[in-house]
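Each chain, letter by letter, is given below.
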Amino acid sequence: MREREDEWTGLMRLAISGDSAAYHRLLKAVTPVLRAAARRGLARAGQPVDQSEDIVQDILLAVHLKRHTWDANAPFAPWLFAIARNKLIDGLRRRGRRIFVNIDDFAETIPSEPAAETAPASEVAARLQSLPARQREVLQSIAVDSASIKDTAAKFAMSEGAVRVALHRGLASLTAKLREQS
Amino acid sequence: METDQLIRTLAADNTERARPVGFVLALALVAAAPVSVLMFVATLGVRPDVMTAMHNPFFDLKFAVTLALAISAIVLSLHLSRPEALLRGWALLLLVPAGILAAGIGGEMMMPQRLPMMTRLVGHNSRACMTAIPLISLPLLAGALYGLRHGAPTRPAVAGAIAGVLSAGLAATLYASHCTDDSPLFVMTWYSIATALVAAIGALEGSKVLRF
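Going line by line, the protein sequences match chains A and B. Reading the first sequence from the start, the letters are residues 1 to 182 in this note's numbering. Reading the second sequence from the start, the letters are residues 1 to 212 in this note's numbering.
Derived by calculation from the structure, the hints in this document are not laboratory data.
Derived lysine to aspartate or glutamate pairs resembling EDC-like cross-links, with alpha carbons at most 16 Å apart:
{"#": "1", "chain 1": "B", "residue 1": "Lys-208", "chain 2": "A", "residue 2": "Asp-90"}
{"#": "2", "chain 1": "A", "residue 1": "Lys-150", "chain 2": "A", "residue 2": "Glu-160"}
{"#": "3", "chain 1": "A", "residue 1": "Lys-28", "chain 2": "B", "residue 2": "Glu-2"}
{"#": "4", "chain 1": "A", "residue 1": "Lys-177", "chain 2": "A", "residue 2": "Asp-90"}
{"#": "5", "chain 1": "A", "residue 1": "Lys-150", "chain 2": "B", "residue 2": "Asp-13"}
{"#": "6", "chain 1": "A", "residue 1": "Lys-28", "chain 2": "B", "residue 2": "Asp-4"}
{"#": "7", "chain 1": "A", "residue 1": "Lys-28", "chain 2": "A", "residue 2": "Glu-5"}
{"#": "8", "chain 1": "A", "residue 1": "Lys-155", "chain 2": "A", "residue 2": "Asp-145"}
{"#": "9", "chain 1": "A", "residue 1": "Lys-177", "chain 2": "A", "residue 2": "Glu-123"}
{"#": "10", "chain 1": "A", "residue 1": "Lys-150", "chain 2": "A", "residue 2": "Glu-137"}
{"#": "11", "chain 1": "A", "residue 1": "Lys-28", "chain 2": "A", "residue 2": "Glu-7"}
{"#": "12", "chain 1": "A", "residue 1": "Lys-155", "chain 2": "A", "residue 2": "Glu-137"}
Partial selection, computed: residues in chain A whose CB lies under 7 Å from chain B:
{"#": "13", "residue": "Tyr-23"}
{"#": "14", "residue": "His-24"}
{"#": "15", "residue": "Leu-60"}
{"#": "16", "residue": "His-64"}
{"#": "17", "residue": "Lys-66"}
{"#": "18", "residue": "Pro-78"}
{"#": "19", "residue": "Ala-125"}
{"#": "20", "residue": "Leu-167"}
Keep in mind the model is a prediction, meaning the values are calculated, not measured. Every residue gets a Cβ at the ideal spot worked out from N, C-alpha and C, and that includes glycine.
Based on the provided sequences and hints, a complete structural model is requested.
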């Protein structure tokens, strides 16, 4: 556990210094842990565990948009688990349950791959539809069509800077939409 | 959207650098301050005998208390804008202004007084104090909440209450230059009530707007 968390801290330090590959690896590495914790939280709240993917995606979005609040001199895991716990409670509350979530749920979690019966995440995709056209197109191009920022810029006859802005605004408004719902 | 797709998209957005919370909070407070100052100058203004009042240590003490309150609340609110932050010892920061005030009360007790204690405590401006401080603090509270939204407080009501204390501390600094009640007993009573009121508004608003 300890090694795993030290590795995360190292990756996050690289990520905030601009290393996007390290950031990608970090998000990939934490996702199974978040997923397992989300499944456990749902199970404990008497909710179907196949909803975990929506919660995982909300946590990832919050991690992304709030990563400037992480202190690079502090270990990454406590910060991550605090965000995850907050989002998990939020997600369960929106599903009509109040539940106490213990921080140890995350720290002691065995990573879990998406189980065969896991429902595909639908909330982020649904929110995507209500974004302004340009943000939606850019997000879809990068997320669904796996296009690079450069290719997306060429496709929509935009500058790369404008694509980056649309991408960032799009991700921020995906989270804002969720807040409106709750 | 698949989670892997989302992760790839977030990684593509890694170039975007957000400002630190402290920077955004400072900017928001600087933007809100002129509104509060204008409200103060237009309705109350600095007391006319301010030049003589400045030689009275109890007049100056009011500013030490209100500024200590504002500064410790700023530090505390920045601490709470980190999701993993625990309140624990940090709340003791608020004892700094309380300690200064207590020392002032002790000092006043040891000096010969023209007026009895209750008269000094009740003062002449209690109603103005309890109205003016909350009203002047509202623009600052809005600014503080706006700035703190940039953070990730996992206890939004607590963070909102601290934002209320912060803005009440700044508003009280303005008000203190108007008020002719300089007794620390007056400050302890009425400034505290006004601050508690703004803290309650902050907690209520914070629980809505500071969630992330």
